[in-house]
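Quick mapping for you: the protein sequence lines, in order, are chains A and B.
Under this note's numbering, the residues of the first sequence are numbered 1 to 337, in order.
Under this note's numbering, the residues of the second sequence are numbered 1001 to 1334, in order.
Simulated from the structure, these hints should not be mistaken for lab results.
Any given hint could turn out to be false.
[Unchecked claim] Result set (EDC-like, lysine to aspartate or glutamate): computed pairs, CA atoms no more than 20 Å apart in a straight line:
1. A:Lys245 to B:Asp1114
2. A:Lys333 to B:Glu1101
3. A:Lys333 to B:Glu1149
4. B:Lys1314 to B:Glu1302
5. A:Lys333 to B:Asp1140
6. B:Lys1111 to A:Glu46
7. B:Lys1081 to A:Glu246
[To be verified] To be clear about the criterion: a stretch of chain B counts as covered by chain A if any three or more of its residues have a C-beta under 8 Å from a C-beta of chain A, and this derived list gives those stretches:
8. 1014-1025
9. 1086-1093
10. 1210-1222
We put the beta carbon where it would ideally sit given N, CA and C, even for glycine.
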Amino acid sequence: MLKYILKRLALLLPTLFGVVTLVFFMIALAPGDPARVMLGERASKEKIERLRADLGLDKPMSEQYTLYLKRVVHLDFGKSIKSGQPVMSEIRERFPATVELAFCAMIFATLLGVWIGVLSATRKNSWVDLTSMVGALFGVSMPVFWLALVMIMIFSVGLNMFPTGGRINIRYYFTPETNFYLIDTFKYLFRGKPEYFLSALHHLVLPSIALGTIPLAIIARTTRSSMLEVLTQDYIKTVRSSGIKEGRVIYRYALRNALLPVITVIGLQFGLLLSGAILTETIFAWPGIGKWLYQAISARDYPAVQGGIIIISTCFVLINLVVDILYSVINPKVRLQ
Amino acid sequence: MENNILLSMEGINVHFHTRRGIVKAVRDLDLQIREGETLALVGESGCGKSVTAHTINRLIPMPPGVIESGKVVFRGEDILKMSEKEIQALRGTQISMIFQEPMTSLNPVFKVGDQLADVFMTHQGMKKKEAFAKAVELLDMVKIPVPEERAHSYPHQLSGGMRQRAMIAMALASPNPGLMIADEPTTALDVTIQAQILDLLTDLKDRVNMSLLLITHDMGVVAETADRVIVMYAGRKVEEGSVYQIFEDPSHPYTLGLLNSLPSNRKYQGATRLEAIHGNVPDLLTLGDGCPFRNRCEYGDESCDRSFPGATVKDEGHSLWCHYADRVKKDKDK
């Protein structure tokens, strides 16, 4: 098992190298001169040349590439052209917000989605099944921004149950260490300020539901079809004929087999949420990486774009690794190979 | 005689409601299994053998299946009137079942020993550790070598024969077994393993004193293991008798055809070569109330279409259901 994980980790290196290379050349070969963008239309030729030299843009491509590789190994993505801050420190500030949101959204989507999927499969063609599958269809087709706005209208503005945006009540001041607010505020639970943690949690509810709706629907549908297939298998007949209770047949014997394709879907969806939460982040004023990356792209802030893409792809690859490991934990056939 | 009857089915009718219409899978079936007896249910695919078996432990998928009428009396109680809980308590303890495909009948993501242990935990309230030890004991009983190790294996690490042994062990996980239903237990195995599994089954049957309902289309298996035989065709029982009566004196045209289509030293009705039963199995959707074998039968005529015949008793315990039982007999005696 350990050998398998180590082998998979070693295989990560060439993948990441490929990602870095691809990102570098895609940006470097894209039309448009960052120096000109930064200095504006009317900047003089000398000024632009000087900035190009500062940024290293005047060197041959191969040299730029090796320099870039060296810096990336040290997690140095350069300075953001727009803000002048090191890209890495901006990412460190924003990416945890996105991960936290995506994580909560996935927990919501997975727990509810698997449960609905199992319920639909075991009551195939009943009204429970029909309702939840029509609901899932709505969930997949619903534009996220619309759902988010409606939720804000009903639960924040109308019922005043949840905040409209942000990560925590702005009156609660603390110095973030990890920038995962749930982790940062956790220690305040025991220091007589549980409201910090609760506020962070409270702020997560609506955005998590909004962001989790599409994955929820996809997970529910995948679970249902996978479960339906597993329930026709001989080994389910076997446990039934040996008198095991139906609940145990479903949740212990069938579900474990049915989860295999579901885990793949969960991994893919999680990866997508990490990069694609721009709309949700914008609507809920969530200071995450999606919005930041979008702004960096519009401003041709190349170092920021490169850094952001590399970090997101790394996470994507890591999630896939976790999925594969989970796969081998659940399916003993994978473990041996 | 009457006292040692373990299971009796009376007037069983099982229908399946499909999109194309109603399939009458089992019709007016009566059968009895005595204590310690091996009853073989013989017939080709789709003749209702497996449906009969699943009626006994009530695992017919409903819908689309419906048990229209009949009684299944097991140890004095009608199984069809039991609550789900009561039948669950019978399954795996007094009525257990093994299937055709050992390859797919064990759950691929659980250790063999854990799957066995779960049966003990469910029915006998054992703790995990005790149940696992019991599972190892059972694996030993079905002659799996190094049972301690095999209990920790996953199904894909076992051979087909070993998996079928593990399945049999699972069916034995009870202090008081009554009936074991073996649904084509050897079809997916090669011949030497088949023989071993059949030996094991007959041996275990005597050791723990249970009855065996053997479902098969393999006449060789029947001759080797069964005490009594019921021949089924298209949902109907067509002939019933002891294994000697069926092989010495097959009397229904279908049974005769079945035996003459086998490579064997013995031929019936003067057949000199392998005979095929011409024609095909009728479509169960459109089948009327007459004799289902009529279209493939050399004796069949209009009167066969009108109704299904009553029993003709040939001998004690040997009956057949054919309008022309006498003519078939005369031809045989020629």
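Each hint, compared with the structure:
Distance restraint check for Lys245 (chain A) and Asp1114 (chain B): the Cα-Cα separation of roughly 16 Å lies within the 20 Å cut-off, and the hinted pair is therefore satisfied. Taking the CA atoms of Lys333 (chain A) and Glu1101 (chain B), the gap is about 19 Å. The hint holds against a cut of 20 Å. For the given pair, Lys333 (chain A) sits about 17 Å from Glu1149 (chain B) by alpha-carbon distance, which is consistent with the 20 Å threshold. Of the supplied pair hints, the one linking Lys1314 (chain B) and Glu1302 (chain B) is violated, its CA atoms being roughly 24 Å apart against a limit of 20 Å.
For the hint pairing Lys333 (chain A) with Asp1140 (chain B), the CA-to-CA distance comes to about 25 Å; that exceeds 20 Å, so the pair is violated. Between Lys1111 (chain B) and Glu46 (chain A), the direct Cα distance comes to roughly 74 Å. Violation of the 20 Å bound is thereby established for this hinted pair. In summary, the hint linking Lys1081 (chain B) to Glu246 (chain A) is supported, as the alpha carbons are separated by about 19 Å, within the 20 Å threshold. Remark: the region 1014-1025 of chain B is not confirmed as covered by chain A, as 0 of its residues place a Cβ nearer than 8 Å to a Cβ of that chain, below the required three.
For the region 1086-1093 of chain B, the stated coverage by chain A is satisfied: 6 residues place a CB nearer than 8 Å to a CB of that chain, which reaches the threshold of 3. Residue count for the region 1210-1222 of chain B with a Cβ under 8 Å from a Cβ of chain A: 0. That is fewer than the three needed, and the coverage hint is violated.
Violation of the numbered hints given earlier is confined to hints 4, 5, 6, 8 and 10; the remaining hints are satisfied by the structure.
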